[in-house]
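Chains as they are written, first to last, in this note's numbering: chain A, 54 to 319; chain B, 54 to 319.
Watch out, some of these pointers could steer you wrong.
Identical copies go unnamed one by one, so any copy, or any two together, can satisfy a pair.
[As the list claims (entries may be wrong)] Here are the simulated lysine to aspartate or glutamate pairs, DMTMM-like style, with alpha carbons at most 20 Å apart:
#1 Lys273 / Glu63
#2 Lys170 / Asp288
#3 Lys269 / Glu236
#4 Lys88 / Glu124
Since the hints were made in silico from the structure, they are not lab data.
2 protein chains.
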Amino acid sequence: MTYCIGLYTENGLVMLADTRTNAGVDNISTFRKLKVWETPGERVISLMSAGNLAVSQTVIGLLDEGLLFTEEDRSVMGADAPEDPEIAQTLLTVPTMFQAALLVGRAVRAVYHTDGKALESQDSPFNVSMILGGQIAGRRMRMFNIYAAGNFIEASEDTPFFQIGEHKYGKPILDRAMRYDIELNDAVKLSLLSMDSTLRSNLTVGMPLDLMVYQKDHLKVGLQRRINSGDEYYDHLQVAWSDSLRSAYAKLPEPGWMNPDLFNGK
Amino acid sequence: MTYCIGLYTENGLVMLADTRTNAGVDNISTFRKLKVWETPGERVISLMSAGNLAVSQTVIGLLDEGLLFTEEDRSVMGADAPEDPEIAQTLLTVPTMFQAALLVGRAVRAVYHTDGKALESQDSPFNVSMILGGQIAGRRMRMFNIYAAGNFIEASEDTPFFQIGEHKYGKPILDRAMRYDIELNDAVKLSLLSMDSTLRSNLTVGMPLDLMVYQKDHLKVGLQRRINSGDEYYDHLQVAWSDSLRSAYAKLPEPGWMNPDLFNGK
Chain A
54 MTYCIGLYTE NGLVMLADTR TNAGVDNIST FRKLKVWETP GERVISLMSA
104 GNLAVSQTVI GLLDEGLLFT EEDRSVMGAD APEDPEIAQT LLTVPTMFQA
154 ALLVGRAVRA VYHTDGKALE SQDSPFNVSM ILGGQIAGRR MRMFNIYAAG
204 NFIEASEDTP FFQIGEHKYG KPILDRAMRY DIELNDAVKL SLLSMDSTLR
254 SNLTVGMPLD LMVYQKDHLK VGLQRRINSG DEYYDHLQVA WSDSLRSAYA
304 KLPEPGWMNP DLFNGK
Chain B
54 MTYCIGLYTE NGLVMLADTR TNAGVDNIST FRKLKVWETP GERVISLMSA
104 GNLAVSQTVI GLLDEGLLFT EEDRSVMGAD APEDPEIAQT LLTVPTMFQA
154 ALLVGRAVRA VYHTDGKALE SQDSPFNVSM ILGGQIAGRR MRMFNIYAAG
204 NFIEASEDTP FFQIGEHKYG KPILDRAMRY DIELNDAVKL SLLSMDSTLR
254 SNLTVGMPLD LMVYQKDHLK VGLQRRINSG DEYYDHLQVA WSDSLRSAYA
304 KLPEPGWMNP DLFNGK
């Protein structure tokens with residue numbers, strides 16, 4: 054399993070991924086699930102992946118080697134379509150984030166085309182999902198959630214975050230506290246809290262974590278960090294957050310319909 | 054779907070269930086999933102159920118009509134076994150909570166015996182799980198989680214809560230704040246917060262809620278209440294909790310490895 058969070062704010066992007074992969078509970082490994090392509094001053098693009106690791110690694114391999122867009126793809130690109138249809142595109146060459154999302158989707162479909170049938174014949178579903186975020190010079194910052202069919206949706210002010218993998222444990226804190234207009238430092242804390250809820254509850258999501266922070270319009274990576282088990286700040290955050298939650302709920306008012314004497318140990 | 058929480062504390066039990074059932078997203082209904090059997094001064098037993106509604110309603114029907122224990126069951130009961138094996142037992146007649154759990158398990162197996170094959174032939178899994186809690190005079194208060202196979206586990210100081218149904222969204226708050234030694238009024242708040250996390254994130258869990266609070270050794274129901282949509286306290290709790298969470302995470306320290314100028318909108 055995996056848990057990856059992408060937060061889309063007016064101030065930038067926060068992307069956080071765990072690194073655990075497992076085939077059963079007795080075969081676990083560490084793999085990087087967050088990748089960054091950067092041309093400082095021109096573009097920053099980051100991709101996180103969940104699902105079948107062989108599928109997502111092959112997708113990234115294709116993206117690095119370059120893919121041709123199909124005629125169908127080119128027809129939706131309009132004026133932005135690359136001039137020469139015979140030149141393979143990578144995440145470092147596509148001119149827009151929309152084309153970056155299309156390119157990742159095409160890579161996913163290419164892997165389905167080559168591996169999908171074999172996987173299904175082994176009762177192993179073709180299972181992959183990705184979060185792609187970034188900005189290219191002269192264009193706006195965007196974030197996409199890309200599905201196993203190669204199609205995608207885009208984050209917006211209304212829905213300023215995406216989750217892939219084991220998303221349920223970490224969702225309540227995002228539902229309650231995530232807003233499009235939060236500061237980036239708050240977004241980093243929020244992503245770590247959402248991750249921590251998941252780490253505590255699901256053994257197949259595990260440390261270390263990979264964090265990437267991008268500040269809007271800066272066109273270079275703001276922060277990229279591997280947070281290892283034992284990281285002083287992360288350990289402190291876990292304890293401080295549990296304490297805060299306990300004191301916050303203790304301060305909530307009592308239900309008016311409850312007899313306080315009956316239930317206060319009296 | 055369903056979400057039910059049973060909290061087992063040194064001061065008593067809190068049991069909370071939603072009431073939504075659905076067959077698809079366009080066929081939803083309201084059914085009570087929390088039932089209470091009470092003989093004031095002698096026993097309080099409460100049962101919550103998740104899974105296939107036809108299965109759980111039939112289990113409750115059998116429990117109300119009475120069941121015979123098998124010879125196998127009687128062999129594990131020792132001195133507590135009912136004297137006459139031909140007298141059908143209900144939750145109002147069994148002498149111990151352990152026998153109450155056995156009885157519910159036997160009712161589940163009886164329904165599997167009659168309906169299991171037909172359900173499976175329609176690709177509908179035999180899917181039911183239950184939380185049973187209560188106390189009988191002269192015995193200790195106990196809480197059990199009963200599975201579709203009719204077997205069960207018991208809550209303890211180490212694991213003082215059970216969840217059935219859609220349990221993931223509501224688990225992080227319990228993992229962090231639930232302790233065996235909390236006051237009952239705090240346990241009620243905690244159960245409502247865990248439920249609220251789930252209600253927000255899963256449309257197939259819905260209001261109204263059924264709440265039962267039992268204070269240890271009182272042998273009568275402490276509080277039984279249906280919390281309807283629009284309940285003043287519950288509405289207030291939702292808002293107050295979201296506010297608390299937001300201010301709690303804003304107060305958490307910044308990561309030492311983050312450049313505060315870079316990410317503070319400067």
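Quick rundown of the hints versus the structure:
no.: 1; hint: Lys273 / Glu63; in the structure: within (16 Å within a copy, 55 Å between copies)
no.: 2; hint: Lys170 / Asp288; in the structure: neither (44 Å within a copy, 50 Å between copies)
no.: 3; hint: Lys269 / Glu236; in the structure: within (12 Å within a copy, 47 Å between copies)
no.: 4; hint: Lys88 / Glu124; in the structure: neither (28 Å within a copy, 62 Å between copies)
Violated hints, listed in ascending order, are 2 and 4; each of the other numbered hints is respected by the structure.
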